[in-house]
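From first to last, the protein sequence lines are chains A and B. The opening position of the first sequence corresponds to residue 1 in UniProt numbering, with each subsequent residue numbered one higher. The opening position of the second sequence corresponds to residue 1 in UniProt numbering, with each subsequent residue numbered one higher.
Keep in mind that the hints were calculated from the coordinates and are not lab data. There may be inaccurate statements among the hints.
Which copy is meant is left open, so a pair is good if it fits within one copy or across any two.
Within a straight-line C-alpha distance of at most 20 Å, the following computed DMTMM-like cross-link-like pairs (lysine to aspartate or glutamate) qualify [unchecked claim]:
| # | residue 1 | residue 2 |
| --- | --- | --- |
| 1 | 151 | 401 |
| 2 | 360 | 333 |
| 3 | 70 | 231 |
| 4 | 151 | 29 |
| 5 | 324 | 54 |
| 6 | 151 | 30 |
| 7 | 324 | 231 |
| 8 | 7 | 85 |
| 9 | 324 | 387 |
| 10 | 7 | 282 |
| 11 | 386 | 359 |
| 12 | 324 | 121 |
| 13 | 7 | 57 |
| 14 | 7 | 227 |
Protein chains: 2
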Amino acid sequence: MRTRPLKVALLGCGVVGSEVARIMTTHADDLAARIGAPVELAGVAVRRPSRVREGIDPALITTDATALVKRGDIDVVIEVIGGIEPARTLITTAFEHGASVVSANKALLAEDGATLYAAAEQHGRDLYFEAAVAGAIPLIRPLRESLAGDKVNRVLGIVNGTTNFILDRMDSSGAGYSEALDEATALGYAEADPTADVEGFDAAAKAAILAGIAFHTRVRLDDVHREGLTEVTAADMASARRMGCTVKLLAICERAADGQSVTARVHPAMIPLSHPLASVREAYNAVFVEAEAAGQLMFYGPGAGGAPTASAVLGDLVAVCRNKLAEATGPGESAYTQLPVSPMGDVVTRYHISLDVADKPGVLAQVATVFAEHGVSIDTVRQQGKDGEASLVVVTHRAPDAALSGTVEALRGLGTVRGVASIMRVEGE
Amino acid sequence: MRTRPLKVALLGCGVVGSEVARIMTTHADDLAARIGAPVELAGVAVRRPSRVREGIDPALITTDATALVKRGDIDVVIEVIGGIEPARTLITTAFEHGASVVSANKALLAEDGATLYAAAEQHGRDLYFEAAVAGAIPLIRPLRESLAGDKVNRVLGIVNGTTNFILDRMDSSGAGYSEALDEATALGYAEADPTADVEGFDAAAKAAILAGIAFHTRVRLDDVHREGLTEVTAADMASARRMGCTVKLLAICERAADGQSVTARVHPAMIPLSHPLASVREAYNAVFVEAEAAGQLMFYGPGAGGAPTASAVLGDLVAVCRNKLAEATGPGESAYTQLPVSPMGDVVTRYHISLDVADKPGVLAQVATVFAEHGVSIDTVRQQGKDGEASLVVVTHRAPDAALSGTVEALRGLGTVRGVASIMRVEGE
Chain A
1 MRTRPLKVAL
11 LGCGVVGSEV
21 ARIMTTHADD
31 LAARIGAPVE
41 LAGVAVRRPS
51 RVREGIDPAL
61 ITTDATALVK
71 RGDIDVVIEV
81 IGGIEPARTL
91 ITTAFEHGAS
101 VVSANKALLA
111 EDGATLYAAA
121 EQHGRDLYFE
131 AAVAGAIPLI
141 RPLRESLAGD
151 KVNRVLGIVN
161 GTTNFILDRM
171 DSSGAGYSEA
181 LDEATALGYA
191 EADPTADVEG
201 FDAAAKAAIL
211 AGIAFHTRVR
221 LDDVHREGLT
231 EVTAADMASA
241 RRMGCTVKLL
251 AICERAADGQ
261 SVTARVHPAM
271 IPLSHPLASV
281 REAYNAVFVE
291 AEAAGQLMFY
301 GPGAGGAPTA
311 SAVLGDLVAV
321 CRNKLAEATG
331 PGESAYTQLP
341 VSPMGDVVTR
351 YHISLDVADK
361 PGVLAQVATV
371 FAEHGVSIDT
381 VRQQGKDGEA
391 SLVVVTHRAP
401 DAALSGTVEA
411 LRGLGTVRGV
421 ASIMRVEGE
Chain B
1 MRTRPLKVAL
11 LGCGVVGSEV
21 ARIMTTHADD
31 LAARIGAPVE
41 LAGVAVRRPS
51 RVREGIDPAL
61 ITTDATALVK
71 RGDIDVVIEV
81 IGGIEPARTL
91 ITTAFEHGAS
101 VVSANKALLA
111 EDGATLYAAA
121 EQHGRDLYFE
131 AAVAGAIPLI
141 RPLRESLAGD
151 KVNRVLGIVN
161 GTTNFILDRM
171 DSSGAGYSEA
181 LDEATALGYA
191 EADPTADVEG
201 FDAAAKAAIL
211 AGIAFHTRVR
221 LDDVHREGLT
231 EVTAADMASA
241 RRMGCTVKLL
251 AICERAADGQ
261 SVTARVHPAM
271 IPLSHPLASV
281 REAYNAVFVE
291 AEAAGQLMFY
301 GPGAGGAPTA
311 SAVLGDLVAV
321 CRNKLAEATG
331 PGESAYTQLP
341 VSPMGDVVTR
351 YHISLDVADK
361 PGVLAQVATV
371 FAEHGVSIDT
381 VRQQGKDGEA
391 SLVVVTHRAP
401 DAALSGTVEA
411 LRGLGTVRGV
421 ASIMRVEGE
């Protein structure tokens, strides 16, 4: 084994960073044996240097992250600060100054992964980011490497723990969205400002990363259709139950049937209780991958948290260090297919639509006509009436989303339709 | 991209080999783009050269596998013939003559992996074998690489599809073992001679491979305690149901509580219906991995079959070819912990025991005394009597297997115990 240690700079020392530093210290011998050389924490860049950080030599702490990545003797930079800047500049600067990078930064990778990949390639460095998607669950490496000889057609997953916790609570207790969010906040599953989670931004970033890797093409955050779960109601959840389904916030990346384009989207959807994703509880994550030869694979585990995310970071650290010692690099960007990303309107899916309608003869015929005019075929209709009001629950067959949403718009214009109580896609069948 | 192709020799052209050859042809452009160079099938060694092999140039077919691996211009040998010899000699000869190896040979890796690793290391070649365990499910790479910065404490999995199919049928239809085996045979899930599957040899080989990688130590097939499922009865399955459990053939690899030894075993066990492994149906495989930082991960998918296994082989082929081009090698054997493998008697587990006893006063006291004398604490007892006969169902607390099996031996010697109707371990709680 080489005795001269590999030097690691840690950018960020919050929940994940402090756990990375802790494990690097407590498991130093194991890491050295697996890498073939010891690793040394050479510097830790933080915003608040005065905070006490147990187990970290205060001499390593700096507020000057730029100077740290420019030192020139750093082998690997671990970036766990998140956000676009200064993370992007720090990473590209690290590449310029001889370091490879392990990052957990999903927002940056989804926003501008191409710049990072290009800089890594230009300087002959590694860019690894297992921790950016689904925490500890090995997902990036299986997609980039294990399935490199296969053709992935679909990725369908629960990639945000906060929203899964909220939906699980709504499902199991009948709570409304606000009540479930309050519980998630109280238990530390949701942040004080939950926007990134509940509006689906976090899941959309992960969908962009997964789609890009799965389909060997570039997919950016802007390419991902995104709907959050703030409008999911206890009534939606009850409707789902009546259909033998539950509601999950899904990230779905698909290759079009003709293979000539891809789509990526995040939205709440009803999935059958018999689907393995339906039984993913609390803040757990799980991702289904459908590949041509492999068939259906599922990866399940904790999608967030300091220790699980640190596990993913350290797995990447071992790989990047091994590559350094071998003077090689791992797989870089694979975007050779250059498939276009189609808009949401082209996605083929099914809708579950609840309408409040006037309780009089002919309403169903009117409604059915609107569906037919838009080329949308109806699977089932359930009609309930009371006190002159009635509700119609329509589940469609598969159709392009544009036709489905066009149908809903036209329904809103019907005089006999008092309102559209809920619309939700049905997936996983 | 490099234009000179990498040359691949295929040893074996059965269910898996023919699928590998097919995908190498139909997806040649994708493989070339992902590797950075084209790959060319340079030779296919078979036993029966006269058989028609669609899509394979007859000029590539040879019966002389040794000459093929000695050609000197082969970059990668794919070994899918199975068995110990001639596979072992062919693989080591391939290493000597410049090739890296992708193998699906679980029996050989479990029996003598050390020889293969040493030969690969000596000649600076790669040995990859994702396909040897759980077919298409990425498991070896996640354990070797993704979790390389973590500490795995337990691997618990369903790694044999044939036996899972049989147990699933017994569970869902109430069929006995023979009947379920017949159905598995008729549907092609069981081979004409099902011994390797039903006696647990196949699962034990996989357990040895998984334990070795998970714990960074050498575990051979002989180190794995093995019990098949031929003695599992419809009555056992019914007992499991009454306890809220089902029966699965599990491969279990554990680090001892003190961290100083490991165990590996394969046997039928009751697991709670709430455990994710309980809902793994038909011939699917699934493996739970518990790691210190990552927590509980699960990997699920098809565990066998031509196309899924070929997917794993081709993923390895891409990795090995990339390494060749980079003049590097992937991770080799990691056995630095050198932990001893403890015998089954040291494993801490729980027993579910059904006894046929005389229906008279004092029997329970006698039985309870035997448990106490062996230091085994009883969790629950259920007593049923009719016509002078009675049955006692005892579920124990956790105890060393030696104490549990000693208890059972002593119970057999009691005059009031007419017979031990069934013994099964309880796991996954």
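So, going through the hints one by one against the coordinates:
Proximity of residue 151 to residue 401 under the C-alpha cut-off of 20 Å is found in neither arrangement, the shortest distances being 25 Å within a copy and 46 Å between copies. For the homomeric pair residue 360 and residue 333, neither the shortest alpha-carbon distance inside one copy (60 Å) nor that between copies (75 Å) is at most 20 Å. Taking the shortest alpha-carbon separations for residue 70 and residue 231, neither the intra-copy value of 47 Å nor the inter-copy value of 66 Å comes in at or below 20 Å. Taking the shortest Cα distances, residue 151 and residue 29 sit within 20 Å of each other only across copies (12 Å), while inside one copy they are farther apart (39 Å).
In this assembly of identical chains, the alpha carbons of residue 324 and residue 54 never lie at most 20 Å apart, being 29 Å within a copy and 44 Å across copies at closest. Taking identical chains as interchangeable, the C-alpha atoms of residue 151 and residue 30 lie at most 20 Å apart only when they sit on different chains, with a minimum of 9 Å there against 36 Å within one chain. For the homomeric pair residue 324 and residue 231, neither the shortest alpha-carbon distance inside one copy (48 Å) nor that between copies (53 Å) is at most 20 Å. For a Cα distance limit of 20 Å, the shortest separation of residue 7 from residue 85 qualifies neither inside one copy, at 24 Å, nor across copies, at 45 Å.
In this assembly of identical chains, the alpha carbons of residue 324 and residue 387 never lie at most 20 Å apart, being 74 Å within a copy and 76 Å across copies at closest. In the homo-oligomer, the alpha carbons of residue 7 and residue 282 never lie at most 20 Å apart, since the shortest distance is 38 Å inside one protomer and 49 Å across protomers. For the homomeric pair residue 386 and residue 359, the shortest alpha-carbon distance inside one copy (8 Å) is at most 20 Å, but the shortest distance between copies (63 Å) is not. Taking the shortest Cα distances, residue 324 and residue 121 sit within 20 Å of each other both inside one copy (14 Å) and across copies (19 Å).
Taking the closest pair of Cα atoms, residue 7 and residue 57 come within 20 Å of each other only inside a single copy of the chain (15 Å); across copies the shortest separation is 52 Å, beyond that limit. For the identical chains of this complex, residue 7 and residue 227 are neighbours neither inside a copy (42 Å) nor across copies (48 Å), given an alpha-carbon limit of 20 Å.
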